[in-house]
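Going down the list, the protein sequences come from chains A, B and C. Counting in the UniProt record's numbering, the first sequence runs from 1 upward without gaps. Counting in the UniProt record's numbering, the second sequence runs from 1 upward without gaps. Counting in the UniProt record's numbering, the third sequence runs from 1 upward without gaps.
Any given hint could turn out to be false.
Said to hold, decoys possible - Simulated crosslink set (BS3-like; lysine-lysine; CA at most 27 Å straight-line):
1) Lys426(B) to Lys501(B)
2) Lys82(C) to Lys434(B)
3) Lys501(B) to Lys24(B)
4) Lys562(B) to Lys24(B)
5) Lys427(B) to Lys503(B)
6) Lys320(C) to Lys160(B)
7) Lys83(C) to Lys434(B)
8) Lys343(C) to Lys320(C)
9) Lys503(B) to Lys434(B)
Said to hold, decoys possible - Derived DEER-like restraints, expressed as beta-carbon distance ranges:
10) Ile356(B) to Ala63(C): 32 to 40 Å
11) Ala827(B) to Phe60(A): 21 to 29 Å
12) Leu67(A) to Glu17(B): 58 to 66 Å
13) Asn143(B) to Thr32(A): 46 to 54 Å
14) Val70(C) to Tyr31(B): 48 to 56 Å
15) Val66(A) to Val779(B): 38 to 46 Å
16) Phe60(A) to Asp690(B): 26 to 34 Å
17) Val709(B) to Ile102(C): 53 to 61 Å
18) Asn70(B) to Val70(C): 36 to 44 Å
Rather than coming from a laboratory, the hints here were simulated on the basis of the structure. Idealized CB from N, CA, C, for every residue including glycine.
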Amino acid sequence: MKSVIPREVESLWTLFTAPTIWAVHFIGCYATVAIYCAKAASLDFGFDTVRLLLAGFTVFALAVIVLSAWLAWRQWGFGVHDPPHDEPTRKGRTLFQGYATLLLSGLSFVAVVYAAIPLILIAECQR
Amino acid sequence: MAELGNFSPEERVAQEERLRRVWKTPGGWRYWTSVNNSEIGLWYGVTAFAFMLFAGLLGLLMRAQLAVPNNDLISADLFNQAFTLHGTVMMFLFAVPIFEAIAIFLLPSMLGARELPFPRLSAFGYWSFLLGGIFVCGSIFFNAAPNAGWFMYPPLATDKEYAGIGADIWLLGLSFIEVASIAAAVEIIVGIMKCRAPGMRINMMPMFAWYLLIVAGMILFAFPPLIAGDILFEMERMFDWPFFDVSRGGDPLLWQHLFWIFGHPEVYIIFLPAIALMAMIVPTFSQRPIVGYSWIVLAAVGTGFLSFGLWVHHMFTTGLPQISLAFFSAASEAVAIPTGVQIFVFIATMLAGRVIFSVPMLFGAGGLAIFTIGGLTGVMVALVPFDWQAHDTYFIVAHLHYVIIGGMFFPIVAGIYYYFPFVTGKKLSDAWGKVAFWLMFVGFNVGFFPMHFSGLRGMPRRVFTYPEEFGWDLFNMISTIGAFVFAAGVMTFVIDIFRPKPKPVERNLNPWNAGTLEWTNDPDESWGMRSVPIITSRYPLWEQPNLQADIEAGRYYLPDAKSGQRETLVTSVLDAEPIQCLRVGGVSLVPMVSALALGGVFIALTFHWWIPTLICAVITFISIMVWLWTGTAQIPEAEEVDVGLGQKLPVYVSGPASVGWWAMFITMVGDGTAFASLIFGYFFYWTVHDDFTSGAAGPGVIWPIAALVLFVVAWLLTIAARELNEKGPAGCRIALVAGMLVTIAACLAGLAGPFFHGMDPTSNVYPATVWIIAIWTVVHGAVGVIMQAYCLVGSLTGRVTVAYDQDIRNVTLYWHFVAFTAVITFAVLGLFPMVNV
Amino acid sequence: MTDGWVAGLLQSRRSQRHLSRLCPGFIALLVLPLTSCSGTHSALDPAGPEAANVAQLFFVMLAGGVVIWVGLVAALIYSARKKREHSEESAGRVILWGGAVIPTIILCALLSYGMWLMPAIRPWVPDDQQVRRIEVTGEQFWWRVRYLDEAGETMFETANEVRIPVGEPAHFSLKAADVIHSFWVPSLGGKMDMIPGRTNPLTLTADREGTYRGVCAEFCGESHALMAFTVRAVAPDEHEAWLAERRVSGSQDAEGLAIFLNNGCGACHAISGTPANGRIGPDLTAFGERTTLAAATLRHTAEDIARFVAYPGVIKPGVKMPHFGMLPEDDIKTIAAFLKELK
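Generate the whole structure from the sequences, applying the supplied hints.
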């Protein structure tokens with residue numbers, strides 16, 4: 001893994017990895033249930049199948065977020081350096097990116113967990 | 001680090017003379033042709049504020065009508081126009097533009113730039129906004145204002161008998177303003193990414209810039225769905241294409257989706273910049289750097305993303321499956337976390353600092369106290385069962401005003417008190433400020449708190465009157481009194497702004513002892529930064545000794561204007577290393593002319609005046625061509641120029657290094673979002689119907705696939721033109737001509753499918769959807785042809801050469817998006833009906 | 001739960017005083033639901049399980065919200081006025097715990113509560129389940145009410161007033177004829193939109209007898225403010241008797257009916273058992289037993305009926321019914337008296 005993904009990614013985009021995964025998970029869940037509930041009559045599997053499928057998707061999304069968090073943590077030097085990361089150096093900038101990415105991974109993790117709660121509590125396409 | 005410059009006093013005077021001449025704001029009527037960010041920002045702000053006062057008066061009119069039950073002060077119809085316009089104006093003509101105003105005014109100085117990269121685009125945006133705003137507001141004086149509520153739900157708003165010309169004014173007037181907002185977003189993103197002072201790495205950016213970067217990104221994804229919705233809506237009103245007409249397969253819920261995909265991020269689009277102002281104010285008055293810089297970035301980015309997962313919480317009562325509602329409920333609760341983080345960042349910064357309590361802090365803290373109540377009620381209404389009761393009642397009216405006035409209006413007022421010396425060199429009065437604050441704070445709470453109760457006691461929103469027997473009368477009377485007290489506070493504030501103030505005896509550019517770069521600017525000079533400094537701190541004025549003096553002595557970059565053109569530095573995205581000396585557009589009539597002509601197109605369309613529409617469209621086209629030809633991608637007199645500190649930088653760059661390439665990329669991302677919204681519509685109709693074609697003929701397979709292939713060929717030819725240009729003009733010209741011909745064929749093939757299958761767009765929503773998506777793509781193809789022709793003419797006239805190929809590189813970038821659009825379009829239109837079961 | 005000062009404020013004794021003034025013998029109202037009164041209209045005065053659950057949810061959130069708000073404002077004031085600066089580390093911990101960790105936990109709990117409540121208060125009634133439904137159609141600016149039998153056939157039609165049995169779930173099918181409306185009876189439960197082209201289900205239960213007022217909650221045009229209705233919850237056997245009685249057409253008074261028919265009222269309004277069979281406007285069968293007029297906008301008195309017949313557009317701007325003010329006053333009065341007594 002270490003050799004595959006460089007320690008310090010020279011891009012602003014890594015910051016958005018975890019929230020993007022949240023977005024994909026969110027849209028995936030919404031689109032799946034919306035289409036399933038609209039077309040349930042012509043489909044031959046039950047809503048519980050959909051819930052299981054989305055539960056699997058949730059675990060996958062959480063795993064990717066954890067991976068992104070780990071990479072960010074590594075870029076942040078595993079927390080050896082304390083914030084505020086305002087040194088005028090390339091090092092300071094990459095530490096800041098790592099720390100901010102780690103925080104965003106945390107938020108995205110929570111948001112994905114929140115989005116999974118309905119899968120537990122709501123069992124039908126009821127309105 | 002490079003050696004700082006050293007100039008003798010005579011040299012400095014000469015430099016200042018040249019700078020002053022280059023950046024001079026013209027006098028007389030030509031003042032209005034100015035494009036300088038300080039002028040445009042000021043006009044933008046004053047205009048938006050004036051619209052706010054107008055909408056506020058409409059609010060007072062409504063409160064007067066509702067003071068007592070069964071009141072007949074104004075008619076039902078006038079009341080309905082008033083609340084529609086109140087919401088519309090506050091959201092579209094005040095909340096979004098005021099932040100654009102502040103951004104255009106402040107960003108260059110904060111980032112250490114002379115100008116934003118596209119000053120003429122800012123001017124264009126302003127004139128569009130002014131014209132569109134007057135058009136929309138003026139309608140009420142002709143009893144022709146929109147009257148279906150600011151979210152314009154069809155079928156009420158598509159009913160021509162009920163919603164007459166007002167609905168068209170809303171749709172076209174606001175579409176026009178939305179275009180201006182997207183232009184501002186492009187300007188802001190490119191400005192923040194590319195125009196920061198050297199050394200201002202992304203971990204050094206002022207908080208305001210971080211927020212604005214996120215907000216501008218949100219605009220790119222939020223506004224286009226509304227524009228797509230507006231197009232569908234206006235096609236229904238103008239040509240009877242039945243997108244929302246259930247009798248012909250349409251569905252009013254599609255509008256609700258598209259509107260709220262825009263509408264909810266919109267709330268954060270107006271809230272985040274206001275919080276950004278707070279993030280500038282709080283550190284200054286705590287006299288220390290912000291605590292939790294990274295947390296703020298988390299909050300801004302997190303809110304930006306999550307805010308796109310909330311839209312259905314405006315649709316909790318539309319009868320969607322509970323499981324769908326629940327996902328949006330979850331995201332709506334999650335978004336409270338970054339919002340809470342923001343508030344705690346401010347508290348933490350105050351805890352760790354020595355707080356000086358002043359008027360900006362008073363408004364900021366008061367706003368936070370109010371906003372928190374709105375946030376807490378927001379957490380409540382995000383729960384579906386509670387929203388089933390609270391939705392569309394006065395509880396929501398209370399909630400949204402607590403959020404917007406506490407989260408946006410109070411911080412804006414705080415920001416105006418804070419930045420007034422930056423704009424004018426004079427401070428506003430503390431005494432007046434305190435009076436204004438307490439009137440506003442008390443008036444607001446007296447006015448809006450009782451609405452929570454009247455709402456839960458059953459009072460729906462948007463009622464022009466109410467019966468007396470349910471105990472709503474007392475609450476409403478209190479609300480009305482509070483609203484007038486609040487208005488008195490706003491008036492106090494306005495008087496404080498306009499009353500004559502003495503010039504301060506001592507020149508003090510930084511009266512609050514702030515730490516950020518903008519406070520080095522002299523409001524009496526229009527050049528912005530005297531020289532562009534090297535930044536090594538988040539709070540350079542606190543931590544970089546002698547910075548102010550060195551900037552004013554011209555010891556940093558660009559201390560001179562020898563070329564006689566307006567110049568600013570372009571730096572790299574992450575580490576802000578200088579890479580280009582960018583020449584930006586100066587004073588010009590072209591932005592105003594093209595904005596007014598484009599406005600003419602929209603206004604004439606409203607009244608179905610086809611000839612004036614055409615004339616205005618031609619003027620718009622010509623003026624934009626003149627603008628591009630004379631104002632962009634100019635071949636410079638030398639490859640590189642001296643930017644000071646012994647450094648030479650190129651003037652002309654192309655491809656991803658250039659700001660124009662970025663602007664094209666960002667614009668096309670927004671454009672792609674609008675396209676995605678149309679495709680969403682296609683599949684939305686598929687989900688709501690058992691047979692979404694309703695038995696109507698489709699466009700077939702042959703023609704769409706032919707169009708797809710031709711578009712791909714045209715795209716490859718455009719890429720070939722770019723590649724061949726590196727070897728010389730001949731091959732490039734041949735590829736461009738071939739590309740144009742193939743594109744024209746592709747466009748015709750695209751339209752041939754629905755045309756030859758006799759698809760009548762007024763008969764059913766399916767043919768209408770196919771036509772609109774095909775037309776969207778074909779219009780993009782047509783614009784692509786114009787761009788290819790522009791490059792061809794450029795090549796023939798020596799404007800596009802082997803070395804200077806900005807135009808053709810940007811056109812190729814555009815074509816990447818066209819190819820993507822065309823492939824999706826024709827694959828969906830041609831193939832999806834076959835897999836549909 | 002609804003005790004204490006909060007409830008006192010929210011439930012406004014004042015309004016109850018109003019009610020008791022309007023209806024002499026307020027207590028009698030509970031016993032005699034037929035007295036003319038507009039009924040209760042508040043989400044915080046629940047008369048059914050859905051509204052009660054939501055009211056409880058609200059009071060829980062209100063209590064929590066008050067604590068959080070007071071804590072936050074106290075923190076704001078403290079941080080502005082404290083004597084010495086705190087260290088950056090301790091301030092950072094304030095962000096971590098106060099801004100992130102604690103809200104995450106509270107919101108997670110609240111979200112689970114809310115989501116557990118959703119299916120609990122609005123359980124699944126499949127569309128093909130054989131139940132008696134009440135079909136309510138929103139029209140500008142009134143409510144068409146049809147009682148359907150188990151097979152979905154219309155038993156009879158009425159308008160602007162719904163009767164349901166106490167203690168039994170009433171299944172509504174909500175539709176819209178022209179624009180979007182929203183069906184809301186605050187004392188019984190949350191609202192549900194009525195959207196053209198769609199049929200939205202809603203199940204409400206009243207657990208005590210009474211008259212409950214409902215309104216249109218989605219802006220629907222000029223007189224959106226004047227589009228209300230009443231729900232009367234009666235004992236189940238009384239309800240059955242009423243359904244049976246309403247299914248039989250009655251015979252009507254001759255004089256008033258003649259004027260009613262001669263002036264073309266029957267083109268838009270239906271009165272069962274007479275030649276009046278219009279379907280455009282509200283069905284007026286048994287109009288005399290209603291308690292309000294013009295979608296709960298006016299009182300059910302002969303004077304108000306006459307006023308409305310003469311100038312409906314003055315009372316309800318944008319209404320589709322034309323003015324009949326050109327008729328002789330006596331004719332209008334006769335029509336009013338006829339309608340007032342229509343059983």
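Hint check results:
1. Lys426(B) to Lys501(B): 7 Å, holds
2. Lys82(C) to Lys434(B): Roughly 22 Å separates the two Cα atoms, so the pair holds.
3. Lys501(B) to Lys24(B): OK: Lys501(B) and Lys24(B) at ~25 Å, within 27 Å.
4. Lys562(B) to Lys24(B): With Cα atoms ~15 Å apart, Lys562(B) and Lys24(B) stay inside 27 Å; holds.
5. Lys427(B) to Lys503(B): OK: Lys427(B) and Lys503(B) at ~9 Å, within 27 Å.
6. Lys320(C) to Lys160(B): It holds: about 16 Å lies between the C-alpha atoms, which stays within 27 Å.
7. Lys83(C) to Lys434(B): Distance ~24 Å between Lys83(C) and Lys434(B) Cα, so the pair holds.
8. Lys343(C) to Lys320(C): Holds - the C-alpha atoms of Lys320(C) and Lys343(C) are around 25 Å apart, at most 27 Å.
9. Lys503(B) to Lys434(B): Roughly 22 Å separates the two Cα atoms, so the pair holds.
10. Ile356(B) to Ala63(C): 32 to 40 Å: 36 Å, holds
11. Ala827(B) to Phe60(A): 21 to 29 Å: Taking Cβ atoms as reference, Ala827(B) and Phe60(A) lie about 27 Å apart, which means the hint holds.
12. Leu67(A) to Glu17(B): 58 to 66 Å: Once the Cβ atoms are compared, 59 Å apart, the range 58 to 66 Å for Glu17(B) and Leu67(A) holds.
13. Asn143(B) to Thr32(A): 46 to 54 Å: 48 Å Cβ-Cβ, so the 46 to 54 Å window holds.
14. Val70(C) to Tyr31(B): 48 to 56 Å: 52 Å, holds
15. Val66(A) to Val779(B): 38 to 46 Å: 45 Å, holds
16. Phe60(A) to Asp690(B): 26 to 34 Å: 33 Å, holds
17. Val709(B) to Ile102(C): 53 to 61 Å: Holds: the Cβ-Cβ distance is about 59 Å, inside 53 to 61 Å.
18. Asn70(B) to Val70(C): 36 to 44 Å: 39 Å, holds
When held up to the earlier numbered hints, the structure conflicts with none and fits them all.
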